[in-house]
Amino acid sequence: MAIETYVLWMDVITLLFILLSLAFFVKSREYEKSMFEGSMNVLLFGFLIIFLAKIIDILEHVNNLYPSILADYGLATYVPNMVTISAVALVPLFAVCVLMAVIFARDAFEESE
Amino acid sequence: MVLEILASIQKYVVVLLLLIAGFMWLILRKKKGEDALGKLRINRVYTIIVLMLLPYLVDTFSYFSGEIADVGKSFLTALIFLAIFIVLFKLHRKASAERIKDLKDLLKESSKHPIRYEFARKIVAPEVKILLEKEKEISKRERSLAAKNFAQEKVLQIKEKNIDNKIVRMDALKQTIDKNFSEFQDKKKALIAEFSEKRAFLGTETEGFKKRDKDVVRKETEIARKDKDLASKIEDYKKRKAELDEAVRKHNEEADKRREEILSKVKNEEMRKVKNREKELDILEAEILSMKRDVQRREKNLNPRSTMLESKEREVENRLSKIRMNESEIREELDNLKILKRDFAKDARQLKEETDQFADIKDDVESRERRIESVKESYNKKNERIKQKEAELHTVEEELYKKRKNLEALEADIAKRSKDVTTMQMRLEKKTSEAALEEGKKATDDDIGDLVSEKTFKKNGKSVKVTRRKLK
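Taken in sequence, the protein lines are chains A and B. Counted the way my numbering counts, the first sequence spans residues 1 to 113. Counted the way my numbering counts, the second sequence spans residues 1 to 472.
None of these hints come from the bench; they were simulated from the model. Do not take every clue at face value.
As the list claims (entries may be wrong) - With a straight-line cut-off of 30 Å between C-alpha atoms, the simulated DSS-like cross-links for lysine-lysine are:
#1 K273/B - K134/B
#2 K27/A - K312/B
#3 K214/B - K27/A
#4 K33/A - K179/B
#5 K101/B - K33/A
#6 K140/B - K33/A
#7 K33/A - K108/B
#8 K27/A - K32/B
#9 K39/B - K27/A
#10 K32/B - K33/A
#11 K27/A - K134/B
#12 K267/B - K27/A
#13 K94/B - K104/B
#14 K226/B - K214/B
#15 K27/A - K226/B
#16 K122/B - K33/A
#17 K179/B - K166/B
#18 K136/B - K267/B
#19 K39/B - K33/A
#20 K104/B - K27/A
#21 K33/A - K166/B
#22 K188/B - K27/A
#23 K129/B - K27/A
Stated by the list, open to error - So the derived list for chain A, only partly shown, Cβ under 7 Å to chain B, looks like this:
#24 F24
#25 F36
#26 A95
#27 F104
#28 R106
As the list claims (entries may be wrong) - Here are some chain B residues pointing at chain A (derived, C-beta under 10 Å):
#29 K30
#30 K32
#31 S74
#32 F75
#33 A78
#34 A95
#35 I100
#36 L103
A virtual CB, placed ideally from N, CA and C, is assigned to each residue, including glycine.
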């Protein structure tokens with residue numbers, strides 16, 4: 001129980017960092033060269049996906065720790081499905097985004113030479 | 001059930017994908033180097049994001065319990081995104097500071113920012129160039145139109161002059177015709193008067209004059225005919241004059257009309273063109289004015305801010321100038337340091353090369369020394385062998401010398417013996433010859449002895465016969 005609480009708080013902090021990273025990433029995009037735009041957009045999309053995945057993780061932990069909170073809003077039944085979607089689709093999509101961002105960045109570097 | 005299996009497979013897929021991405025990024029990083037990756041300011045974010053492999057790796061392949069793996073995963077994720085946030089925040093702060101600096105440089109009137117030049121070069125200069133070209137074109141067209149008008153006016157003036165000249169000539173001709181007609185009338189009147197006088201005078205004269213009268217009548221009829229002719233000619237002249245007058249008038253009218261038409265046409269055309277140009281110019285002027293107004297408005301908007309900023313700018317400028325001085329000093333120092341480093345690296349390279357060369361030479365010398373020693377050894381051995389051989393040679397020479405001596409002694413002995421033999425032979429020959437002489441010719445050779453050998457050879461150009469006999 002204590003460990004899961006710790007994990008929940010860690011996830012909340014992570015979510016906060018992801019949100020801040022997203023904001024600064026969007027801001028940093030202005031200063032980058034246009035040839036890296038594709039790569040950065042893909043990575044931004046990946047950030048968004050991991051943000052969603054982290055929200056689902058938090059919901060899962062909240063559901064485990066405080067089931068009444070989500071049950072009051074009628075969300076408790078959806079949480080397992082959301083966790084499955086996160087594991088099946090969102091996290092692999094994030095990995096694909098990272099891979100594509102690296103590939104696009106490599107192409108942009110090669111084009112710039 | 002299927003989704004659960006798929007979820008467990010997807011975990012491995014995620015790890016695999018992130019692993020591939022990580023390898024690719026690291027290879028790219030190694031291949032390009034830090035300097036080349038500098039083109040992408042946030043390249044460190046990429047480096048960190050590929051580390052997202054670790055939490056999923058912990059989650060998938062952990063030997064620990066599920067809870068500890070969860071903690072590890074969330075802790076690592078938090079750590080990675082914290083690092084990403086820090087990197088992005090720092091980069092953003094740095095980039096925005098640079099941008100603000102650039103914008104401040106732009107605001108400064110005194111400073112010559114490259115963007116200002118670029119703006120002037122790429123936006124203002126082409127517009128100004130186009131306007132100047134249009135202005136030139138319009139002035140050129142105006143000039144050409146003026147020249148055309150001038151030429152047409154000249155042509156029309158010349159035509160007008162010609163027409164005036166023609167009119168003048170026609171007037172002169174009319175006057176001469178009128179003059180001639182009046183003269184003719186006068187002459188006619190005079191002739192009629194004269195004729196009437198003469199008729200009156202001759203009416204009373206003789207009939208001889210009737211013939212003359214007839215002639216006169218004939219002449220009169222002729223004159224009347226001529227008069228008629230003249231009248232008709234005058235009529236013709238009058239008609240022609242009227243026609244000419246009409247033609248001149250019509251021509252003048254037509255010429256005037258045509259001139260007016262051409263002038264109006266040309267004027268209209270040119271006016272239209274000029275109006276169009278004026279319109280274009282008005283539009284361009286309006287655009288320029290609007291641009292100017294816009295710039296003025298912006299300047300006005302900027303003025304209060306700029307006054308506020310000016311004082312700050314001055315301070316900042318002072319600080320910046322100090323910083324720039326420091327920067328320039330640091331750069332100089334850095335340049336010097338770089339030069340020193342380069343020199344040092346060069347020297348080190350040279351030293352390394354020299355040491356390598358020295359080592360090579362040393363090895364070479366050592367090998368040569370070894371070779372020389374071996375050669376020396378072989379030389380010494382050979383020398384010893386030569387000495388030995390020399391010694392042997394000496395002994396052989398000595399032996400040979402002794403043998404030679406012996407041989408010489410033998411030769412001398414042989415020579416002596418041969419001499420003795422020859423003397424003995426001579427004596428014998430002498431004796432035999434004396435005996436032959438004494439005993440006569442009867443004595444045979446058998447008395448002397450048996451003949452062993454007989455030789456004939458030349459000695460001092462004389463043939464000598466030597467016979468050997470065995471004495472009894």
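Evaluation of the provided hints:
Pair hint K273/B plus K134/B holds up; C-alpha atoms about 13 Å apart against a cutoff of 30 Å. A C-alpha spacing of about 27 Å is found between K27/A and K312/B, which places the hinted pair at or below 30 Å, so the restraint holds. At most 30 Å may separate the alpha-carbon atoms for a hinted pair to count; K214/B and K27/A exceed this at roughly 137 Å. Taking the CA atoms of K33/A and K179/B, the gap is near 103 Å; set against the 30 Å cutoff, the hint is violated.
For the given pair, K101/B sits about 19 Å from K33/A by alpha-carbon distance, which is consistent with the 30 Å threshold. Between K140/B and K33/A, the direct Cα distance comes to roughly 47 Å. Violation of the 30 Å bound is thereby established for this hinted pair. With a C-alpha separation of about 26 Å, the suggested pairing of K33/A with K108/B holds against the 30 Å cut-off. The straight-line distance between the Cα atoms of K27/A and K32/B is roughly 26 Å, inside the 30 Å bound, and the hint therefore holds.
Restraint check: the Cα-Cα separation between K39/B and K27/A comes to about 17 Å, which is no more than 30 Å; the hinted pair holds. For the proposed pair K32/B and K33/A, the alpha carbon gap of about 17 Å is at most 30 Å, so the pair holds. Simply put, K27/A and K134/B have alpha-carbon atoms about 44 Å apart, too far for the 30 Å limit, and the pair is violated. For the hint linking K267/B to K27/A, the alpha-carbon distance of about 63 Å lies beyond 30 Å, and the restraint is violated.
With a CA separation close to 15 Å, the supplied pair K94/B and K104/B stays within the 30 Å bound. Between the alpha carbons of K226/B and K214/B the distance comes to roughly 17 Å, so the proposed pair stays at or under 30 Å and holds. A C-alpha spacing of about 119 Å is found between K27/A and K226/B, which places the hinted pair above 30 Å, so the restraint is violated. For the suggested pair K122/B and K33/A, the alpha carbons sit about 21 Å apart, so the restraint of at most 30 Å is met.
Annotation: proposed proximity of K179/B to K166/B holds, straight-line Cα distance about 19 Å (limit 30 Å). Using a Cα cut-off of 30 Å, the hinted pair K136/B and K267/B holds, with the two alpha carbons roughly 21 Å apart. The hinted pair formed by K39/B and K33/A meets the criterion: a straight-line CA distance of about 8 Å does not exceed 30 Å. With a C-alpha separation of about 20 Å, the suggested pair K104/B and K27/A falls inside the 30 Å cut-off, and the hint holds.
Note on K33/A and K166/B: the hinted pairing is violated, with a Cα-Cα distance of about 84 Å set against a maximum of 30 Å. A hinted pair counts as satisfied when its Cα atoms are at most 30 Å apart, and K188/B with K27/A does not qualify at roughly 122 Å. With a C-alpha separation of about 38 Å, the suggested pairing of K129/B with K27/A is violated against the 30 Å cut-off. For the restraint placing F24/A at the interface with chain B, the shortest Cβ-Cβ distance is roughly 4 Å, inside the 7 Å limit, so the hint holds.
A distance limit of 7 Å between C-beta atoms decides the matter here; for F36/A the minimum to chain B is near 5 Å, and the interface restraint holds. Checking A95/A against chain B: minimum C-beta separation of about 4 Å stays under 7 Å; hint holds. Given the 7 Å rule on beta carbons, the hint for F104/A is violated: about 11 Å separates it from the nearest Cβ of chain B. Restraint check, R106/A versus chain B: the minimum CB separation of about 5 Å is within 7 Å; hint holds.
For K30/B, the suggested interface contact is broken, since its CB lies about 12 Å from the closest CB of chain A, more than 10 Å. Annotation: K32/B was flagged as interfacial toward chain A, and the flag holds, the nearest CB pair being 6 Å apart, inside 10 Å. At its closest, the beta carbon of S74/B sits 4 Å from a beta carbon of chain A; the interface hint therefore holds under the 10 Å criterion. A hinted interface residue such as F75/B counts as satisfied when its beta carbon comes closer than 10 Å to some beta carbon of chain A; here the least separation is about 6 Å, so the hint holds.
With a least beta-carbon distance of about 4 Å to chain A, the hint placing A78/B at the interface is held under the 10 Å criterion. The interface hint given for A95/B holds, since its Cβ lies 4 Å from the closest Cβ of chain A, which is under the 10 Å cut-off. With a least beta-carbon distance of about 12 Å to chain A, the hint placing I100/B at the interface is violated under the 10 Å criterion. A distance limit of 10 Å between C-beta atoms decides the matter here; for L103/B the minimum to chain A is near 13 Å, and the interface restraint is violated.
In the structure shown, a violation is registered for the earlier hints numbered 3, 4, 6, 11, 12, 15, 21, 22, 23, 27, 29, 35 and 36, in ascending order.
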